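Going down the list, the protein sequences come from chains A and B.
Note that the numbering used here gives residue 86 to position 86 of the first sequence, counting from 1, and the numbers run on in steps of one.
Note that the numbering used here gives residue 133 to position 133 of the second sequence, counting from 1, and the numbers run on in steps of one.
Everything labelled a hint here was simulated from the structure, so no lab data went into it.
Keep in mind the model is a prediction, meaning the values are calculated, not measured.
Please note: incorrect hints may appear among the correct ones.
[What the hints assert, rightly or not] Once the Cα atoms are required to be at most 30 Å apart in a straight line, the calculated BS3-like pairs of lysine-lysine come out as:
#1 K116/A to K53/B
#2 K112/A to K112/B
#3 K141/A to K141/B
#4 K112/A to K116/B
#5 K116/B to K141/A
#6 K112/B to K116/A
#7 K141/A to K116/A
#8 K112/A to K53/B
#9 K141/B to K112/A
#10 K112/B to K142/A
2 protein chains.
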Amino acid sequence: MTHRDPKILNELESDLRAEGVRITRQRMAILSALAGSADHPTAEELLSRAREKDPSVSLATVYRTLSVLVESGTVLRNEFEGTGARFELADKPHHDHLIDLDTGDVIEFSSKRIEKLQEEIAEELGYDIVYHRLELYGRTKKT
Amino acid sequence: MTHRDPKILNELESDLRAEGVRITRQRMAILSALAGSADHPTAEELLSRAREKDPSVSLATVYRTLSVLVESGTVLRNEFEGTGARFELADKPHHDHLIDLDTGDVIEFSSKRIEKLQEEIAEELGYDIVYHRLELYGRTKKT
DNA sequence: ATTTTAAATGCAAATCATTCGCATAAGCTT
DNA sequence: AAGCTTATGCGAATGATTTGCATTTAAAAT
Chain A
1 MTHRDPKILN ELESDLRAEG VRITRQRMAI LSALAGSADH PTAEELLSRA
51 REKDPSVSLA TVYRTLSVLV ESGTVLRNEF EGTGARFELA DKPHHDHLID
101 LDTGDVIEFS SKRIEKLQEE IAEELGYDIV YHRLELYGRT KKT
Chain B
1 MTHRDPKILN ELESDLRAEG VRITRQRMAI LSALAGSADH PTAEELLSRA
51 REKDPSVSLA TVYRTLSVLV ESGTVLRNEF EGTGARFELA DKPHHDHLID
101 LDTGDVIEFS SKRIEKLQEE IAEELGYDIV YHRLELYGRT KKT
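Given these sequences and hints, build the entire structure.
Structural data, given as structure tokens:
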């Protein structure tokens, strides 16, 4: 039912333990809910998915856990237009997003060339890029 | 005191009238406050700047006016990280933004090549881009 | 210029997403 | 198993933005 090998969960858990992050029932429920998500869920969506594994999880804990996971670099927070923040596991190489305006679907893509150009632009302006955000909003081409 | 030729205000006004937008004292105060801003003010900042011209302006009206102006394509709304939305007059050619993480300064830039690559990527994914958002977050290079 | 009519305004209350305070519960160290 | 420290759930607080409503006002009609 999950779209990822469950092995990743154990890895994530030990990585987090190694960083001194306490592993609680709720945190594991949230983490596995996220690992089992093929989309980019909101905190609210993650809450209901996590509750399937542990009904005691509260929304506040989802937010607090996500903060911890984002701090540790385990999770990425995206703020697309419209909805609240959307989260994803940071276990894939860097990518940007294309959002389907009709369905809300989020498609991942990446472009070495765009990244390179961004660096060049920042360089010319005398800046070092710490991070960036690139989102394309569009609709499927009518053929 | 303004960084733009005031001529633009009259143009904006007649364009808006032509679109059937009612011109009120408050709307003019907000519009001219924005035209006189060299930065990317928030609604709150715009409120205090507009109040210098017309003290009767309220925050609700700033928001309502900005909505109208965004709808009409006169104003662009940006949602950078951290603060609330920031606005700018849509009288310049398209550009993206680099945000200085230390000062909050917003620098505009544009890259034909990046735009082109975005189009190509969307094309490959079967999409037409309606709009996009590209923001670089960084700090000045230590020399 | 005055009336008319639909739309804009100010104010305060309502939303929405997210955060926080606090008393209780539960990890992790020994 | 005991103790210390951090995490949790709950509900209240926050911050940005929106909305309902009674009142004012811009622009159209007279």
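Evaluation of the provided hints:
1. Distance check on the hinted pair: K116/A and K53/B sit about 45 Å apart at the alpha-carbon level, beyond 30 Å; violated.
2. Proposed proximity of K112/A and K112/B is supported: the alpha carbons are some 16 Å apart, at most 30 Å.
3. About 41 Å separates the Cα atoms of K141/A and K141/B, which puts this hinted pair outside 30 Å; it is violated.
4. Between K112/A and K116/B the CA atoms are separated by roughly 14 Å; this keeps the pair inside 30 Å, and the hint holds.
5. The straight-line distance between the Cα atoms of K116/B and K141/A is roughly 17 Å, inside the 30 Å bound, and the hint therefore holds.
6. For the proposed pair K112/B and K116/A, the alpha carbon gap of about 14 Å is at most 30 Å, so the pair holds.
7. Among the hinted pairs, K141/A with K116/A is consistent with the structure: their alpha-carbon atoms are about 28 Å apart, no more than 30 Å.
8. Our distance criterion of 30 Å between C-alpha atoms is broken by K112/A and K53/B, whose separation comes to about 48 Å.
9. Taking the CA atoms of K141/B and K112/A, the gap is about 22 Å. The hint holds against a cut of 30 Å.
10. For a cut-off of 30 Å, the pair hint linking K112/B to K142/A stands: about 25 Å separates their Cα positions.
Of the hints listed earlier, those the structure fails to meet are numbers 1, 3, 8, in rising order.
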